[in-house]
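J.: Based on the provided sequences and hints, a complete structural model is requested.
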Amino acid sequence: MNNRKKELKEMQEIIIEKVDKALTNPYEMLELLDFLSNFKEYSWKNRVLLGSQGATAVESYKGWKEKGYQVQRGERGLLLWLPYTVKTFYHHGIKPLKMASEEELSLINAGKIKVSSFTKFCLRRCVFDVTQTDFPNENIPKIYANKRCIFSGISENDMQKYEKKIAYILNKINVRVFNPSPDDWQGDLAKGYFASGSGVFLSPRNTKSENFEVLIHEAAHAILHGGENSISEKLGIEFSEKDKNIKEFQAEMTACLVSKNLGMNTEDESIDYIAKWTEKGKKLKVLNKKTKEKILDEVVKISDYIIEEVTKNK
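Residue numbers for the sequence shown follow the UniProt record's numbering, so the first one is 1 and each next one is one higher.
Accuracy of the hints is not assured; some may be wrong.
Simulated crosslink set (DSBU-like; lysine-lysine; CA at most 30 Å straight-line) [what the hints assert, rightly or not]:
#	residue 1	residue 2
1	K282	K18
2	K260	K18
3	K242	K289
4	K312	K6
5	K242	K5
6	K6	K276
Quick list of the computed label-pair ranges, beta carbon to beta carbon [as the list claims (entries may be wrong)]:
#	residue 1	residue 2	range
7	K208	G236	33 to 39 Å
8	G227	E10	27 to 33 Å
9	S240	Y90	56 to 62 Å
It should be emphasised that the hints constitute simulated quantities derived from the structure, not laboratory data. All figures in this text were calculated on a predicted structure; none of them were measured in a lab. Glycine included, C-beta positions come from ideal geometry on N, C-alpha and C.
T.: This is the structure in structure tokens:
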């Protein structure tokens, strides 16, 4: 094992140890709860739906305007279950009230035909998360999901060079990197995503440094989880299906190790992310020794490979 791989392995062990001990600061939790108290509380069903879209603090377009904030151009509304009333009547079969003839309406008004009402639900894109508005980022609680991050340690010039080299790496396995405009973004609140057969897509809401970290995260997904490819074959990584939480662990750990090695520390945010997806490391601890070692070894191999490639002829 070369020196850098050894350092990456040691760094990974330290991060896993921190994930195991990850605790939410009670003051940060109080700050978050106080912040969320300013927003409408939805039904359990809608809270689950919003959570699956990465949102918590939401308002309608009008609601944000009343609070003094503007939904950003190109933002797509988030899905909510909305109730609506359906009225029907029975006259030679069940019919919706809106389809009643003049004769049937007369019979209904005369009380000779009974109208029944019941509630149905439909999905509508009608609310927006706080991160989709011009609400000041510094006023959003630190532990709020999808809050914009600004990392330091790498110059903008070097970051651009690294990004081009990562795009070149992905091109080797026929994966393109896309930076869609707000109007074309299809990822809702996600900071980025890898779509097998399509490419890596990065959110137009990301800060420059955040975009770089997310690119590494999604590159790891593409190489490790997108099926067999020339890079994984070169590194001796045998493709295998994995649970979502393990995929997210590998991608974020790779992003953290690579970023840190290049000079940009994303550790706090990465630990929070990994702790969430692995239930503070529990998802790793239940794996047998051989499987766990394989998962960790793949992270070291891919991290070392990305660092080697992006720092060539810097």
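J.: Now tell me if each hint is right for this structure.
T.: How the hints compare with the structure:
Simply put, K282 and K18 have alpha-carbon atoms about 13 Å apart, close enough for the 30 Å limit, and the pair holds. Using a Cα cut-off of 30 Å, the hinted pair K260 and K18 holds, with the two alpha carbons roughly 16 Å apart. Simply put, K242 and K289 have alpha-carbon atoms about 16 Å apart, close enough for the 30 Å limit, and the pair holds. Note on K312 and K6: the hinted pairing holds, with a Cα-Cα distance of about 20 Å set against a maximum of 30 Å.
About 23 Å separates the Cα atoms of K242 and K5, which keeps this hinted pair within 30 Å; it holds. Distance check on the hinted pair: K6 and K276 sit about 27 Å apart at the alpha-carbon level, within 30 Å; holds. At about 34 Å, the CB distance of K208 to G236 agrees with the hint of 33 to 39 Å. Roughly 30 Å separates the CB atoms of G227 and E10, a value that falls within the hinted 27 to 33 Å.
About 58 Å separates the C-beta atoms of S240 and Y90, a value consistent with the hinted range of 56 to 62 Å.
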